[in-house]
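These are the residues of each chain, in order.
There are 4 protein chains.
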Amino acid sequence: MLVGRRSWKIEWGDCDPAGIVHFPRYLFFFDSCTVSLFEQAGLPKRQMLRDYNMAGCPVVDLRVRFLIPSQYGDEVVIESAIREWRRSSFEVQHRLLRGEALAVEGVETRVWTVRDPVDTERLKGAPIPEDVRARFV
Amino acid sequence: MLVGRRSWKIEWGDCDPAGIVHFPRYLFFFDSCTVSLFEQAGLPKRQMLRDYNMAGCPVVDLRVRFLIPSQYGDEVVIESAIREWRRSSFEVQHRLLRGEALAVEGVETRVWTVRDPVDTERLKGAPIPEDVRARFV
Amino acid sequence: MLVGRRSWKIEWGDCDPAGIVHFPRYLFFFDSCTVSLFEQAGLPKRQMLRDYNMAGCPVVDLRVRFLIPSQYGDEVVIESAIREWRRSSFEVQHRLLRGEALAVEGVETRVWTVRDPVDTERLKGAPIPEDVRARFV
Amino acid sequence: MLVGRRSWKIEWGDCDPAGIVHFPRYLFFFDSCTVSLFEQAGLPKRQMLRDYNMAGCPVVDLRVRFLIPSQYGDEVVIESAIREWRRSSFEVQHRLLRGEALAVEGVETRVWTVRDPVDTERLKGAPIPEDVRARFV
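Residue numbers (our numbering), protein chains in the order written: chain A, 1 to 137; chain B, 138 to 274; chain C, 275 to 411; chain D, 412 to 548.
Incorrect hints may appear among the rest.
Label pairs and their calculated CB-CB ranges [to be verified]: (1) C/R407 <-> A/V118: 51 to 57 Å; (2) C/V392 <-> B/E221: 42 to 48 Å; (3) C/D390 <-> D/Q458: 48 to 54 Å; (4) C/P403 <-> D/D462: 54 to 60 Å; (5) D/M412 <-> B/N190: 33 to 39 Å; (6) C/R409 <-> B/Q208: 19 to 25 Å; (7) D/R494 <-> B/M138: 55 to 61 Å; (8) C/R407 <-> D/V488: 51 to 57 Å; (9) B/Q208 <-> C/E353: 24 to 30 Å; (10) D/R498 <-> C/W359: 50 to 56 Å.
With a cut-off of at most 30 Å between alpha-carbon atoms, the simulated DSSO-like pairs for lysine-lysine come out as follows [as the list claims (entries may be wrong)]: (11) C/K319 <-> A/K45; (12) A/K124 <-> C/K398; (13) B/K261 <-> D/K535; (14) C/K283 <-> C/K398; (15) B/K182 <-> D/K420; (16) B/K261 <-> A/K124; (17) A/K9 <-> B/K182; (18) C/K283 <-> D/K535; (19) D/K456 <-> C/K283; (20) C/K398 <-> A/K45; (21) C/K319 <-> B/K146; (22) D/K420 <-> A/K9.
I should point out that these hints are in silico values taken from the structure, not numbers from a laboratory. Keep in mind the model is a prediction, meaning the values are calculated, not measured. Positions of the beta carbon are idealized from the N, C-alpha and C atoms, including for glycine.
Let the sequences and hints guide you as you build the complete structure.
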């Protein structure tokens, strides 16, 4: 299973007046990590939009546990992997680590979404192409 | 039960290249709505930090369902309420509505966190004061 | 001269560990105020994109003076107006007020940008339509 | 003269519906680069807050020129340097490069701000310590 790994240096502007990361920022980083994971699989987002008539993979469900807060200056690592494939959706798991410790864990459910060939403004879920899945094994 | 209600006009900068709200922005708004809900209960955050030796109410668990995307220019309403109180934590439910339709639903579990009276850098969960709870009935 | 006016309640998440608004957030709000000013002139952004073959009005130059910091909970007002029109660019002035006091002042220079009718991926500056300007008098 | 250099991969969520970086995001990155420049000089922000009775270096003036837009997936480099020191303020110049081309240039004027020793809530500009300046030569 392909596992992405990105390091993230926590910026002053990521943190709130309590001095810890403002939690919506974690989701920004998880989203970026999902995009990176596809890039690592040879599927940059722009190329997918073009080659698969795809409109994106919007998140339809999100579950996050925040275990340890982080502060400006901390260096963390986010490990990301697709832990389940369904017909037209998939689950991405992100594990944010401070050293060995799990600090935040998130799971996004995303839907493979394509443009209707006739009415290109209409979007709908569609089966995930087999060759896309094959790249994550 | 006290229910907060805020309207939100979706800005150009809230949206991503797919033209829809970038999902971490919803969490920014949910966080703001929680703060507003406490204000509406007569508990502005700055006053709570001062009066209760409190350090904040960090989110420890988050579940969100994204049902309908929104775009620049949309006007939505977010209804927020505390749907469950536990000893030192509580659950805030946010319902983002487009007209009558539920577009996003989120539940935050937050912990009432205070500063250790001796070592003020040390934070820990603590029982929610009775007079705080009483304001949300 | 048309003057836009929006109030902004400063959120917890707009502020940094020093407890004041993280300055890039002001620019987010100025951008939103420019969009609103056009809406107030009867020109919502989506309609302009459609009716004028327009791709946007990117900022090419920005000058901001930060005079008084603001904190979570402050309620401020932003007054916005186009103070100069040139052939294909214009200057938007934003004045962020705390009560009577000017707290932040910004000027954006923006370029009216259209899509090349043949190669729609190519963007270029173009003369501002006369009927657009006329709406701001 | 000490020159900081950070690379930045432009994320999907940094971009707006026009597909280009939403300009306030550049300011977020410039702010992060200023913090990094001080770190590189041996002055992490947390240490400065502690050792110099310092409250921060708020931006009081900002000028930015946006020359070339960037998109999701672009890899850019930001070079940062303090190009002028005054008694209690200094100017940080940021040059965002796409390959060899200058894409965005920004200059921040920042004020060295300390806490009043008696009333620690009161902040005021103060002369920049000589040993701070000396680290940037």
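Hint check:
Under the hint 51 to 57 Å, the C-beta atoms of C/R407 and A/V118, about 39 Å apart, miss the expected range. In this structure, C/V392 and B/E221 break the distance hint of 42 to 48 Å, their C-beta atoms being roughly 60 Å apart. Remark: the range hint 48 to 54 Å for C/D390 to D/Q458 is upheld by a beta-carbon distance near 52 Å. A C-beta distance of roughly 57 Å is found between C/P403 and D/D462, which places it inside the suggested range of 54 to 60 Å.
Between D/M412 and B/N190 the Cβ separation comes to about 47 Å, which falls outside the hinted range of 33 to 39 Å. For C/R409 and B/Q208, the Cβ-Cβ distance of about 23 Å falls inside the hinted range of 19 to 25 Å, so the restraint holds. In this structure the hint that D/R494 and B/M138 lie 55 to 61 Å apart at CB holds, the actual value being about 57 Å. Checking the proposed 51 to 57 Å range against C/R407 and D/V488 shows it is violated: the Cβ atoms sit about 39 Å from each other.
Taking the beta carbon of each, B/Q208 and C/E353 are about 27 Å apart, inside 24 to 30 Å as hinted. A C-beta distance of roughly 40 Å is found between D/R498 and C/W359, which places it outside the suggested range of 50 to 56 Å. Annotation: proposed proximity of C/K319 to A/K45 holds, straight-line Cα distance about 26 Å (limit 30 Å). Simply put, A/K124 and C/K398 have alpha-carbon atoms about 33 Å apart, too far for the 30 Å limit, and the pair is violated.
Note on B/K261 and D/K535: the hinted pairing is violated, with a Cα-Cα distance of about 33 Å set against a maximum of 30 Å. With a C-alpha separation of about 36 Å, the suggested pair C/K283 and C/K398 falls outside the 30 Å cut-off, and the hint is violated. Under the criterion of a C-alpha separation no larger than 30 Å, the hint pairing B/K182 with D/K420 is inconsistent with the structure, at around 36 Å. For the hint linking B/K261 to A/K124, the alpha-carbon distance of about 46 Å lies beyond 30 Å, and the restraint is violated.
Taking the CA atoms of A/K9 and B/K182, the gap is near 28 Å; set against the 30 Å cutoff, the hint holds. Restraint check for C/K283 and D/K535: satisfied, since their Cα atoms lie roughly 25 Å apart, inside the 30 Å limit. For the given pair, D/K456 sits about 28 Å from C/K283 by alpha-carbon distance, which is consistent with the 30 Å threshold. A C-alpha spacing of about 26 Å is found between C/K398 and A/K45, which places the hinted pair at or below 30 Å, so the restraint holds.
A threshold of 30 Å between alpha carbons decides the hint, and for C/K319 with B/K146 the separation of about 14 Å falls inside it, so the pair holds. Restraint check for D/K420 and A/K9: satisfied, since their Cα atoms lie roughly 13 Å apart, inside the 30 Å limit.
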